[in-house]
Amino acid sequence: KAGVTQTPRYLIKTRGQQVTLSCSPISGHRSVSWYQQTPGQGLQFLFEYFSETQRNKGNFPGRFSGRQFSNSRSEMNVSTLELGDSALYLCASSYQGGDRDRREGNTIYFGEGSWLTVV
Amino acid sequence: GIQVEQSPPDLILQEGANSTLRCNFSDSVNNLQWFHQNPWGQLINLFYIPSGTKQNGRLSATTVATERYSLLYISSSQTTDSGVYFCAVGNYQLIWGAGTKLIIKP
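From first to last, the protein sequence lines stand for chains A and W. Sequential numbering of the first sequence, starting at 1, is according to our numbering. Sequential numbering of the second sequence, starting at 1, is according to our numbering.
The hints are simulated quantities; they were obtained by calculation from the structure and are not laboratory data. All C-beta atoms, glycine included, are put in the ideal place defined by N, C-alpha and C. Take the hints with a grain of salt, since some may be wrong.
Sample of chain A residues lacking proximity to chain W, with all beta carbon distances greater than 10 angstroms (derived) [claimed, not checked]:
1) Thr20
2) His29
3) Phe60
4) Phe64
5) Ser70
6) Arg73
7) Val119
Below, a sample of chain W positions facing chain A; criterion: calculated Cβ distance under 8 angstroms [as the list claims (entries may be wrong)]:
8) Asn31
9) Gln33
10) Tyr73
Whole structure, please, built from the sequences with the hints as guidance.
Set out below in structure tokens:
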């Protein structure tokens, strides 16, 4: 089955602009989470959505936002971009819930990521 | 919050060698996963292992939940094993270790 798909893979933006990243989870997965990875800070949790509701949020400013649609696809948006927002943004999906979850646990699967450069 | 520490931070080995990577965590967890990030940034889930032992080919992992640590074993290393290995714990929000950077030389 298809894995987690993220688009776009690479993008360059200018300071002050905004960006929207998209994530399509594995079919049947209801949980989508987003992470930011930078050389200095490592992997940091942004937020997690389950059935269109944000369940958890990391410690990021309000410029970072997200949403999940009824088909579980998710988008994240960063407004008023800063140079420090340059990073690899990773999306992950997991099933979470029911008998299948007891077999798989909360195993999460990552997409290939979106490389964002802010200039 | 939960603290996750991985060791060693860097590891350089010759092809064919065996290695052990360690993950210590500061509190009880019901979710622990090991990941491999290749040089192109792709994160691959290796094991979901909140307790016990699992094996997958040349890789195996053991988590001793009562003592709050997990070990990842790589046997007969290959150059394709190079990359960063992460341990992450939690449930909806995974707390990540800083990773072990592994370089396998041919």
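Verification of the supplied hints:
1. Thr20: holds, 20 angstroms
2. His29: Holds, since 13 angstroms exceeds 10 angstroms.
3. Phe60: The assertion about Phe60/A holds, with a minimum of 12 angstroms to chain W.
4. Phe64: Per Cβ check, Phe64/A is outside 10 angstroms of chain W; nearest 15 angstroms; holds.
5. Ser70: Its Cβ never comes within 10 angstroms of chain W, the nearest being 20 angstroms, so this holds.
6. Arg73: holds, 19 angstroms
7. Val119: holds, 20 angstroms
8. Asn31: OK, holds: Asn31/W within 8 angstroms of chain A, min 5 angstroms.
9. Gln33: holds, 7 angstroms
10. Tyr73: Violated, because the Cβ-Cβ distance from Tyr73/W to chain A comes to roughly 20 angstroms (cut-off 8 angstroms).
Consistency with the previously given hints fails for number 10 only.
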